[in-house]
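J.: Each chain, letter by letter, is given below.
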Amino acid sequence: MKLSTKLIFVLVYTLQSLYSLAQDPMNIRLFEEGENKVLLKVSGKLLDHNLSGILILKQMSTQEIRAVMTMETGIKVYDVSISQKKMRLLESMPAYKSPWVKNILFKDLALILHYPFTNTQSKDSKEFKRNYEYSKQEEFVYRKAAYRGNKILEYSLKYIDSTGKIIHLKHNFNNIPYQIEYWRIENN
Amino acid sequence: MKRIFFFYILFSIPILLSAQFNNMKAVADIPALKSKLEQNALNTENIRAEFKQEKHLSILEEVITSTGTFLFKKENKVRWNYIQPFNYLIIINGDKIHINDEGKQKSYDANSSKMFGQINKIVVGTAKGTLFSDPDYITQFKENSNYYEIYLVPKNNKLRDYVNEIYLYIDKKDLTVYKLKMVEKNGDFTLVEFLNKKVNQAVQENEFRIP
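Chains as they are written, first to last, in my numbering: chain S, 1 to 188; chain A, 1 to 211.
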């Protein structure tokens with residue numbers, strides 16, 4: 001093969017790669033390639049109650065993700081099954097049996113995992129009647145906001161590394177005294 | 001195949017765990033054992049140890065491991081310091097609980113929350129090795145040549161939402177708690193192993209200071 005042919009081949013390949021990157025600018029991900037789980041350190045506050053521990057997210061099948069949170073001492077806080085259509089609280093501490101607290105938890109998890117969780121725009125199941133929109137805030141920071149109409153109800157700031165892996169999430173609920181942050185735990 | 005593997009893992013964990021606690025048989029003279037443990041608790045001023053905590057969840061093949069240091073001082077002072085996978089400190093000083101979560105600090109009154117009250121009771125009772133004398137639990141005593149096993153079931157249904165069963169393994173050599181296993185309703189469990197224990201050594205009061 002002539003050198004000029006080789007150069008043309010390399011140029012076309014490079015342009016194609018750049019084009020595909022431009023088409024998929026938000027190549028952000030929670031699960032590492034080949035992995036079906038992620039561990040996150042949790043630290044948050046609801047009203048005057050602090051909550052902290054470890055959140056385990058595991059893709060059980062293409063249809064289901066399980067979210068299990070435990071306190072540092074090992075005591076389980078909740079276990080939620082998340083599918084495309086709905087979320088189910090399988091187990092929890094008594095506080096999460098309150099419908100108000102349970103709804104906050106589900107909205108919080110939807111900010112992390114709402115299907116398809118990295119689309120630019122997506123619509124919720126009928127559960128919360130929300131639309132979600134991703135936008136880039138700055139380099140390595142994306143925002144996923146939940147809207148009803150034009151109003152932002154809650155949002156998640158997603159901090160990513162240079163490969164697109166989510167390393168930190170910061171959630172804010174506008175009308176609810178609830179703030180929570182998640183940090184990826186590596187190599188446990 | 002995946003399901004078979006899952007059940008293999010699920011059922012093999014308790015088998016592996018029980019390997020060192022096999023040949024357990026019922027303790028013949030329970031009052032004598034209680035008396036011995038209570039006397040030992042009276043003589044124990046403090047315990048310093050390292051710990052390894054394992055969380056076994058049915059959805060995970062792997063175990064989530066945390067490590068850190070543990071300090072108990074009579075009567076009701078505990079310093080539980082998680083170092084890996086992140087820093088997290090719990091100080092129990094009487095009825096006060098203080099938490100330092102990587103710089104975020106918060107203090108509670110143990111009596112202000114039933115959950116903290118129960119955690120306080122389990123942690124202090126475990127450190128003292130006298131949780132068996134708590135009237136809120138049904139107890140059974142077993143032993144083999146190396147360990148006593150004290151099996152506790154909370155009488156209260158609400159407490160069973162947190163912990164359904166507790167196993168305390170007490171080392172016959174020094175009568176201190178060697179392992180603590182807290183089992184949830186669905187079979188998930190937390191195992192805490194205390195290592196390099198030092199009993200009745202110098203302990204500074206300010207290690208339990210609540211800011």
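FYI, nobody ran anything at the bench for these hints, they're computed from the structure.
The reader is advised that the hints may include incorrect statements.
A short list of chain A residues far from chain S (calculated; beta carbon distances all over 12 Å) [claimed, not checked]:
1. A28
2. P31
3. E54
4. K55
5. N93
6. N111
7. D136
8. K142
9. D174
10. A202
11. E207
Calculated lysine-lysine pairs in the DSS-like style (CA-CA distance at most 30 Å, straight line) [stated by the list, open to error]:
12. K155/A with K73/A
13. K73/A with K170/S
14. K97/S with K86/S
15. K96/A with K97/S
16. K155/A with K104/A
17. K41/S with K25/A
18. K102/S with K25/A
19. K121/A with K104/A
20. K97/S with K104/A
21. K102/S with K158/A
22. K158/A with K97/S
23. K121/A with K45/S
24. K45/S with K77/A
25. K41/S with K77/A
26. K45/S with K25/A
27. K37/S with K96/A
28. K25/A with K121/A
29. K85/S with K151/S
30. K158/A with K121/A
All C-beta atoms in this analysis are idealised placements derived from N, C-alpha and C, irrespective of residue type, glycine included.
J.: Has the given pair, K121/A with K45/S, been kept, meaning a C-alpha gap of at most 30 Å?
T.: 24 Å, holds
J.: Can you confirm whether the C-alpha distance between K45/S and K25/A stays at or below 30 Å?
T.: 47 Å, violated
J.: Keeping to a limit of 30 Å between CA atoms, is the pair of K73/A and K170/S held or broken?
T.: 38 Å, violated
J.: Decide if the proposed pair is consistent with the structure: K121/A and K104/A, CA atoms, cutoff 30 Å inclusive.
T.: 24 Å, holds
J.: Is the Cβ of D174/A more than 12 Å away from each Cβ in chain S?
T.: Since the minimum Cβ distance to chain S is about 24 Å, D174/A lies beyond 12 Å and the statement holds.
J.: Taking the shortest Cβ-to-Cβ distance between A28/A and chain S, state whether it exceeds 12 Å.
T.: 33 Å, holds
J.: Starting from K97/S, check that the Cα of K86/S is at most 30 Å away, please.
T.: 17 Å, holds
J.: So if I understand the rule, the pair passes when the alpha-carbon distance is 30 Å or less; does K41/S with K25/A pass?
T.: Not OK: K41/S and K25/A at ~41 Å, beyond 30 Å, violated.
J.: Just double-check K142/A for me: nearest Cβ-Cβ distance to chain S has to come out over 12 Å.
T.: Holds: least Cβ distance 23 Å, greater than 12 Å.
J.: Holds or violated: K45/S with K77/A, Cα cutoff 30 Å?
T.: At roughly 26 Å apart (the allowed maximum being 30 Å), K77/A and K45/S satisfy the hint.
J.: Is the Cα-Cα distance between K97/S and K104/A 30 Å or less?
T.: 27 Å, holds
J.: Taken at face value, is the distance from the CA of K97/S to the CA of K158/A at most 30 Å?
T.: Since the Cα atoms of K158/A and K97/S sit roughly 13 Å apart, the hinted pair holds (cutoff 30 Å).
Comparing the model with each numbered hint stated earlier shows that hints 3, 4, 13, 16, 17, 18, 26, 27 do not hold.
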